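Produce the complete structure using the sequences and hints provided.
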Amino acid sequence: MLGQIEVGELIRVLEASAEGEPSSRARRIASGFDPGSRLAVALQSAGPTAETLRFKYSMAAERGAKVLGLDRLTQTLARLGSARVSGCTVEGTGEFALVFLTEDLTHLIGVVYVAPPGDPQNAPALDVR
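So in the numbering used here, the last spot in the sequence shown is 149, and the numbers never skip.
No wet-lab data here; the hints were simulated from the structure.
Keep in mind the model is a prediction, meaning the values are calculated, not measured.
Treat the hints with care, since some could be wrong.
Cβ-Cβ distance ranges computed for the label pairs, FRET-style [to be verified]:
{"#": "1", "residue 1": "E123", "residue 2": "T72", "range": "28 to 38 Å"}
{"#": "2", "residue 1": "S57", "residue 2": "H127", "range": "18 to 28 Å"}
{"#": "3", "residue 1": "G138", "residue 2": "G56", "range": "18 to 28 Å"}
{"#": "4", "residue 1": "D54", "residue 2": "G101", "range": "17 to 27 Å"}
{"#": "5", "residue 1": "S102", "residue 2": "G138", "range": "16 to 26 Å"}
{"#": "6", "residue 1": "R99", "residue 2": "T126", "range": "14 to 24 Å"}
{"#": "7", "residue 1": "G138", "residue 2": "R104", "range": "34 to 44 Å"}
{"#": "8", "residue 1": "A98", "residue 2": "G56", "range": "27 to 37 Å"}
The beta-carbon is built from N, C-alpha and C at its ideal position, and this holds for glycine as well.
Encoded structure:
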């Protein structure tokens with residue numbers, strides 16, 4: 021089942037969370053959109069979603085993508101089992117975040133941030149020993 025969330029509301033939910041870097045990156049990407057614009061939200065079962073995310077984005081990380089928040093999110097979703105969660109994607113230029121909320125869209129469950137290999141967001145830090 022598909023629904024929608026206004027970007028401004030998504031930003032408010034992200035700001036109210038303590039999810040760290042993945043959440044702050046999702047918030048930064050979302051801030052580039054008009055607050056009144058809407059994002060599609062899909063309701064899905066938490067447990068199977070955790071398995072799919074773990075498989076897909078572990079492979080992406082092995083191939084060099086920057087993937088932040090995957091373990092924390094997949095562990096949380098797995099604990100929720102068959103509960104329904106709401107998921108949406110916030111896309112920027114060369115990066116995106118998968119944001120998972122409670123079914124009623126009021127609380128953040130977790131975020132996975134992804135930047136593909138070769139993207140400036142994925143550049144390694146310079147080692148100047």
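Verification of the supplied hints:
1. E123 <-> T72: 28 to 38 Å: The hinted range 28 to 38 Å is violated for E123 and T72, with Cβ atoms some 18 Å apart.
2. S57 <-> H127: 18 to 28 Å: holds (22 Å)
3. G138 <-> G56: 18 to 28 Å: At roughly 33 Å between Cβ atoms, G56 and G138 fall outside 18 to 28 Å, so the hint is violated.
4. D54 <-> G101: 17 to 27 Å: Since D54 and G101 have Cβ atoms about 36 Å apart, the given range 17 to 27 Å is violated.
5. S102 <-> G138: 16 to 26 Å: Since S102 and G138 have Cβ atoms about 38 Å apart, the given range 16 to 26 Å is violated.
6. R99 <-> T126: 14 to 24 Å: Distance hint for R99, T126 holds at roughly 19 Å.
7. G138 <-> R104: 34 to 44 Å: holds (36 Å)
8. A98 <-> G56: 27 to 37 Å: At roughly 35 Å between Cβ atoms, G56 and A98 fall inside 27 to 37 Å, so the hint holds.
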